[in-house]
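Visitor: Each chain, written out:
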Amino acid sequence: MGAIFAAEKIAAGYGDVVIVHDISINADEGEIVAIVGPNGSGKSTLLKSILGFARLFGGRIIYQGKDITGITPDRAVSLGIGYVPQINNVFPNLTISENLDMGAYQIKGKASIKAGMTEIYVMFPELGTRKNALAGNLSGGERQMLAIARAMIAQPKVLLLDEPLASLSPKPANAILSKMQKIKEAGTAIIIVEQNVKKALSISNRGYVLVNGTCAMEGEAASLFAEDFSKERFLGLEARGIDKGLPCVHN
Amino acid sequence: MIVNWPQVLFNSVVTGSLYLIGAVGLTLTYGLSNFPNFAHAEFITLGAFISYGVAHQLELSLLPALIITFLITGAIGFLCYRGIFQPLARGGANMIHLMVASIALGFILRYSIGAAWSWKPLYFSNVWPLSSLWSHHDIGLLSITNLWLWLIFAAVALSVIMHLILVKTKIGKAIRATSSNPELALASGININRVIWLTWFIGAGLAAIAGIFRGADTQIWPMTGWDIILPVFAVAILGGIGNYYGSIAAAYIIGLAENIGVIALLAVGLSTEYRVGIAFLILIVTLIAKPQGLAMLFRKA
Ligand SMILES: Nc1ncnc2c1ncn2[C@@H]1O[C@H](COP(=O)(O)OP(=O)(O)OP(=O)(O)O)[C@@H](O)[C@H]1O
Ligand SMILES: [Mg+2]
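These protein sequences, in sequence, are chains R and P. Per the numbering used here, residue 1 is the first one in the first sequence, and the count goes up by one each step. Per the numbering used here, residue 1 is the first one in the second sequence, and the count goes up by one each step.
Looking at chain P on its own, in the form it has when it is part of the complex:
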């Protein structure tokens, strides 16, 4: 079997970029609210559907659709926290209760999306029939699409912007402070509710952007988020919960592992459907060997 390694590396960057955008919100809300929000998958799905809807109705191109979807899904994420998880946590719900509630919310959202829109896959190529997003260019050994370049660009932009927010702005430092010690944050005069609300807004908005790219690269259906939630969780856990810098490293490690894994699966004659198993393997090994993930390497987050 001849392997086009440059293409494998490039695909790894594409995969890692998608997982990074999908995981940042999960790791930040997990770090602040202390429970894994399984409905994060549906924030991803909502992003795909909402962007499809606004692009279709308002005849928007990728960038404006992305911005509007970020804002709408961000608002939904905030409302989910404010309306469901915060009252539960106030009432004494522990991590397990909140996690189960998030699984339930995910189910409700997923099937509502299916009922309200459709279970039949939708394709962005229908709303943007003339778009060059999907046409392949050959550069040397690489075959790339504009969509993939946009995805990589979005991940790089996100990394830089989030970094600047977290280390340069007052609210960003407050997010890191609250994540590490909410009681001391309160005693410092930080209104930690506002910090948590903002983080849920940003987290859900970013999940939605991952949903747009996933939807544009494959298809849009009620399982769009669920299809990638496992590697997204693997990124959050390998990166260290709440650790933004760890999640950047973890996203590309998992992207690489998955794409090399696909080669390995092909080599032994197995279906590439097993590729999610690779993220699962990394997740399990991390939880057993180093539950704090890469966090020790990135103390600053």
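Isolated chain R, as found in the complex:
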């Protein structure tokens, strides 16, 4: 099946340390795919290795049928891969509109940038009312909105989100989730890393569970949802000792 994005048998880490082993994930157009797992399980490392922010030791990255392994981040953006990091995901010394300008950096032509800007302010009206506010002065929820908007203005076909709900109270968290639904309905594939397993799976089609740098489980969001994700069970999950979940497959 022609997934728009696939990372195959990824081994990644930092320096000489391999943190993520043999993980394969993929996403179809208009699909939300969740990557969940405990702290330090390698979720961020997996996303970073796709863009080249972490070291890729092995594996391939396929986008729209083409092998793009080892691509530089700015090339990835121009191809249509958007990335929102877990921390420091806005430029605090730039205003909202300047942050969006940076997201639109590769768009050619003033008119298209302006059109993109207008579209973003329709999608994120809460940003449109405070265009000249410094990003560093925004609330946590507004900041996450801006971080996603900065990536969205480049009109990515695949959006990689690293913990967009982290430390948000339920109301802004739900607002982010509904934005993600809209983005998905517009055809963008979303790969979301989250600690908030329930919320992430509630809007996802499929999910992967990472433990200790390997994929412990994967499957339909609904079936993963049925798993017992109590903290003890979650943290105690052994890479291979799973009874209920589906084992991870490589395609």
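Worth double-checking, as some hints may not be accurate.
[Stated by the list, open to error] The calculated lysine-lysine pairs, modelled on BS3-like cross-linking and capped at a C-alpha distance of 25 Å, are:
1. Lys199(R) - Lys157(R)
2. Lys170(P) - Lys110(R)
3. Lys290(P) - Lys114(R)
[Stated by the list, open to error] If you want a taste of the chain R side facing chain P, the calculated C-beta under 7 Å gives, among others:
4. Glu8
5. Asp16
6. Ser97
7. Met102
8. Asn132
[Claimed, not checked] Covered stretches of chain R (in silico footprint by chain P; criterion: 3 or more residues with CB under 8 Å from a CB of chain P, positions within the stretch not fixed):
9. 71–80
10. 86–93
No wet-lab data here; the hints were simulated from the structure. None of these values were measured; they are calculated from a predicted model. Backbone N, C-alpha and C fix where the C-beta goes; we use that ideal spot for every residue, glycine too.
The hints should help you fit chain P with the ligands onto chain R, whose structure is shown.
Guide: Quick look at chain P with the ligands alone, frame taken from chain R:
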């Protein structure tokens, strides 16, 4: 002792203007490349020598000499980064390694300049013998020269132009963005190498302009940049590394402190040679009390 305060204030503006032009490049490259480039002093010196050379050879006046010197020294700054610091940083050099390399580069440049040109001071008055740059006018209590007016004008023009570049242009916003978060800049599709290269070009070019004014106001010799590098660093640090607006405020604060300090030195009967000590004092106090400098006041940079 009778102090001519208007003159002290005016001199402070002149001194601050020189330090500002000298420090902008340092603070921007420091903010982007994360190390203090000590060879910035030699960019200043090169500016003085190159402008002297082109003015002499091509019989240019101040403004065209300034433009050509900006371009040549800018290109040298770019080459230094591209040829030395970037490969070192790619190879894993940390801030200390890069700083030591910049000190070494500074030494090499300084002594090469001395060997290639001369250690004997040169004077712009030799190339521009008929110029009115140095003649004094008296306005009320003030005694001023055209050179000083040009220097103040250059600093004001620089402040306005840099401000417009940083807030109005795409590349200027990218400089601020890259300085604050290079990884996110990359993830936004910004080619951060080009941003860094351009900043080294502009930074070295501006240093050269400071060198022209310093050289025209005093003398041109291989230590021209080294003579003022301490207050230039003090401006960058008091202003907050990478913070352009902070450096404007810091330049004039240090200019004022230095000129008032000179009065104080005279009053207690000490040599005005100690004036560099004032910038040093500000540098040390800033590093101890508020290492981030004035940055908190100027979040936008
Ligand atoms: N830049 C880095 N250099 C070296 N090791 C790192 C780096 N970043 C993360 N690590 C290590 O890699 C491991 C996995 O980290 P990673 O950030 O990928 O986990 P995560 O699943 O995203 O965790 P969290 O839910 O806390 O964000 C951790 O042991 C961490 O200490
Ligand atoms: Mg993480």
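Visitor: Given aspartate 16(R) as an interface hint, is its Cβ closer than 7 Å to any Cβ of chain P?
Guide: violated, 12 Å
Visitor: Hey, does the methionine 102(R) contact hint survive, CB to chain P under 7 Å?
Guide: This hint holds: methionine 102(R) lies near chain P, its Cβ roughly 4 Å from the closest one there, short of 7 Å.
Visitor: Holds or violated: the hint that glutamate 8(R) contacts chain P, with Cβ atoms closer than 7 Å.
Guide: violated, 22 Å
Visitor: Taking beta carbons only, do three or more residues of the region 86–93 of chain R come closer than 8 Å to chain P?
Guide: With 6 residues closer than 8 Å to chain P, the region 86–93 of chain R meets the three-residue bar; holds.
Visitor: CA of lysine 199(R) to CA of lysine 157(R), is that 25 Å or under?
Guide: holds, 23 Å
Visitor: Can we keep the serine 97(R) interface hint, with Cβ of chain P closer than 7 Å?
Guide: With Cβ-Cβ at 10 Å, over 7 Å, it is violated.
Visitor: State whether the coverage of the region 71–80 of chain R by chain P holds or is violated, taking the criterion as 3 or more residues with Cβ-Cβ distances under 8 Å.
Guide: holds (count 5)
Visitor: Are the Cα atoms of lysine 170(P) and lysine 110(R) separated by 25 Å or less?
Guide: holds, 11 Å
Visitor: Holds or violated: asparagine 132(R) as interface residue toward chain P, Cβ cutoff 7 Å?
Guide: Because about 11 Å separates asparagine 132(R) from the closest Cβ in chain P, which is outside the 7 Å limit, the hint is violated.
Visitor: Under the criterion that the straight-line Cα-Cα distance not exceed 25 Å, is the pair lysine 290(P), lysine 114(R) satisfied?
Guide: violated, 41 Å
Hint violations for this structure: numbers 3, 4, 5, 6 and 8, all remaining hints satisfied.
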